[in-house]
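The whole structure should be built from the sequences, with the hints applied where relevant.
Protein chains: 2
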Amino acid sequence: MREEFRADLHIVAQLLVDMAESVRAAMGQATRALLTADRTAAEEVISADAEIDATYRQVEERVCDVLARQAPVASDLRAMITALHVAADLERMGDLADHVAKTALRRHPSPAVPAELRAVFTDMSGVADRMAGKIGSVLAKPDAEVAAELDRDDDAMDDLHRSLFAVLLRDDWPYGVETAIDATLLGRFYERFADHAVNAGEHVIYLITGQPTDQ
Amino acid sequence: MREEFRADLHIVAQLLVDMAESVRAAMGQATRALLTADRTAAEEVISADAEIDATYRQVEERVCDVLARQAPVASDLRAMITALHVAADLERMGDLADHVAKTALRRHPSPAVPAELRAVFTDMSGVADRMAGKIGSVLAKPDAEVAAELDRDDDAMDDLHRSLFAVLLRDDWPYGVETAIDATLLGRFYERFADHAVNAGEHVIYLITGQPTDQ
Chain A
1 MREEFRADLH
11 IVAQLLVDMA
21 ESVRAAMGQA
31 TRALLTADRT
41 AAEEVISADA
51 EIDATYRQVE
61 ERVCDVLARQ
71 APVASDLRAM
81 ITALHVAADL
91 ERMGDLADHV
101 AKTALRRHPS
111 PAVPAELRAV
121 FTDMSGVADR
131 MAGKIGSVLA
141 KPDAEVAAEL
151 DRDDDAMDDL
161 HRSLFAVLLR
171 DDWPYGVETA
181 IDATLLGRFY
191 ERFADHAVNA
201 GEHVIYLITG
211 QPTDQ
Chain B
1 MREEFRADLH
11 IVAQLLVDMA
21 ESVRAAMGQA
31 TRALLTADRT
41 AAEEVISADA
51 EIDATYRQVE
61 ERVCDVLARQ
71 APVASDLRAM
81 ITALHVAADL
91 ERMGDLADHV
101 AKTALRRHPS
111 PAVPAELRAV
121 FTDMSGVADR
131 MAGKIGSVLA
141 KPDAEVAAEL
151 DRDDDAMDDL
161 HRSLFAVLLR
171 DDWPYGVETA
181 IDATLLGRFY
191 ERFADHAVNA
201 GEHVIYLITG
211 QPTDQ
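Chains A and B are the protein sequences, given in the same order. First residue of the first sequence? That's 1 in full-length UniProt numbering, and the numbers climb one at a time after it. First residue of the second sequence? That's 1 in full-length UniProt numbering, and the numbers climb one at a time after it.
FYI, nobody ran anything at the bench for these hints, they're computed from the structure. We treat Cβ as the ideally placed atom computed from N, Cα and C, and that holds for glycine.
Just a few of them, taken from the derived set where beta-carbon distance is under 10 angstroms, the chain A residues facing chain B:
| no. | residue |
| --- | --- |
| 1 | Val63 |
| 2 | Cys64 |
| 3 | Pro72 |
| 4 | Leu169 |
And the structure:
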């Protein structure tokens, strides 16, 4: 029974690692689509989101199957419930990459992001990439230190988010309300991506240490 | 065992009904705070969100306890996993009411919403209220018809969301970029509140019918 549980847990963890890699790749490609007005790249992100959703359902099915077959208790039960939480966060991160790609498509062939904002979105994408990478790495090899770094990455994302608004609110902002609306929503998508990465990290910490972090 | 499970399920369902009522009240009060620049109302919404989060944790603990004690299978297991999903959606709806309240506070004592947008936010709040009410009612008395109505409510919310952007994008929009940014984010909060209500409804339909709806 114990062996069987470990094998199941390994399969679930591998599905989560795959999801983390997929959402990381999706946000990177969505950012490229956004900054280079690349229609094909945007469409690929949207297709890939269906695969992420399918993997999410696989995690759910596998967890329900384990609960039904093995009726785990204590830390084994906690691991299964945590897997559901992490999968839900990763699924949502995939949705947010999809939203960035759709914003790029909606303005295509014009770029959705004016020159003044390319740097901040490039940096937000860089932080997002680092955070998704850390989720993948702590899932593959649990490490509470790495998971805790996600909080600091999230602070960096928040700083970038504030600097985005500072550009939008300059008196000489020349691009009008429509571009400001797009930039506001895009900023929110990257910020939420980071929030979900932090949540996922907290669940992994809980799994490793048994201690919940403050919500 | 069967009796015990039914009693546990009843407790979990009651916690979810309480959450649905709380998030409904929270979004209503957050909207009042927004439209009347009412600081006290906004602060109450923010305090109440901590209680919603606490109820969410109670649902999780109760579900884990049931899984550990009773090892339910088949439809009983599905009911417990569904409860976790519905609780997560409701918890997020509470966060979104909290975000609306915080937007009201950030601009206080000025109103965050100019006169031209009061009607659309009043209507969005009306749809949000109806949707949260339906979640509460289908949880208390499962009814796939009522749950399905949530899709139509969500269409109404999307129409309102589009009409919000139409106002923001008028050539004679007189309030500048900052107010447009606030309105964009507020619109997103109401729209996401509706999305989570739809998700919660889909989970309840799944519980009633055993058939997943299309994602």
